[in-house]
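Enquirer: Please model the entire structure based on the sequences and the hints provided.
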Amino acid sequence: MKNNRLIVALDVPNIGEAEKLVKLLSPLVEVFKVGNELFTASGPSAIQMIHSYGSQVFLDLKFYDIPNTVGSACEAAVRYKVFMLNVHSLGGKQMMFQTVQSVHKTAEELGIVPPKVLGVTILTSMKDLDLKEVGITKKLEKEVVGLAALAKTCGLDGVVASAHEIELIRQKTAPDFLIVTPGVRPVWAAHGDQKRVMTPKEAIEKGANFIVVGRPITQSPSPLEATEKVLSEIG
17 MKNNRLIVAL DVPNIGEAEK LVKLLSPLVE VFKVGNELFT ASGPSAIQMI
67 HSYGSQVFLD LKFYDIPNTV GSACEAAVRY KVFMLNVHSL GGKQMMFQTV
117 QSVHKTAEEL GIVPPKVLGV TILTSMKDLD LKEVGITKKL EKEVVGLAAL
167 AKTCGLDGVV ASAHEIELIR QKTAPDFLIV TPGVRPVWAA HGDQKRVMTP
217 KEAIEKGANF IVVGRPITQS PSPLEATEKV LSEIG
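Numbering (the working numbering), first residue to last: 17 to 251.
What the hints contain is simulated information worked out from the structure, not anything from laboratory work.
No incorrect hints appear here.
Straight-line alpha carbon distances no greater than 20 Å define the calculated SDA-like cross-link-like pairs of lysine to any residue that follow:
#, residue 1, residue 2
1, 78, 139
2, 245, 202
3, 39, 69
4, 39, 29
5, 132, 99
6, 222, 20
7, 132, 108
8, 217, 21
9, 18, 248
10, 168, 157
11, 109, 88
12, 78, 99
13, 154, 188
14, 158, 188
15, 154, 142
16, 158, 147
17, 132, 171
18, 121, 89
19, 97, 69
20, 158, 141
21, 155, 142
22, 158, 222
23, 18, 241
24, 158, 145
25, 121, 168
26, 39, 55
Using C-beta positions, here's what the derived DEER-type ranges look like:
#, residue 1, residue 2, range
27, 108, 146, 16 to 26 Å
28, 240, 20, 16 to 26 Å
29, 56, 95, 10 to 20 Å
30, 52, 143, 18 to 28 Å
31, 128, 183, 31 to 41 Å
32, 203, 125, 38 to 48 Å
33, 21, 169, 21 to 31 Å
34, 190, 106, 14 to 24 Å
35, 69, 152, 34 to 44 Å
Quick reminder that beta carbons are idealized off the backbone N, C-alpha and C, glycines included.
Expert: Written out as structure tokens, the structure reads:
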């Protein structure tokens, strides 16, 4: 039986490696994440490959550009029937509004269910000092919560945010506002370049709707066993 709360990040360099993982894990995993590395290497064929195994796609390209450009890019993504896509909340209100309008208009024209549109808040590799270095003086938690509230105002379906901010985001948004949490690391896995991490169980207990796990699964000697361990942890 597939689990629809675990998203496996296919942060691999080519479609061949991605397909090995999808073939192995698709009986257990409903959604796979296609990010910049795989999409740059393989393009839309990566999305089509995942669909061929009966799984869905979270297109994690973090669009961040002028409103018209982002809207057009998201229209193209809708045509590939992805389950989720994301944009940077720091792109501003107009960019997020245009994204939502473009996504829903295109989905209606195609007669399909629109993908969930998520706003990226602050990357889980960043801490307060990193924000100061790029001119953001607010404390990280306040910045994340503010961006989440703005994303909701603009009609986005949810946000991508660290588990550390889940409860604060929930207080400022709504019970049905989606929170997708990367930077999730099982206790048996290395943290790598992630700084604000929690275990899968902790993230779900905090209120994450979905958790994203990449290297602890994809770089494991046994990706299937690692997936089973994560699924056992989140129940």
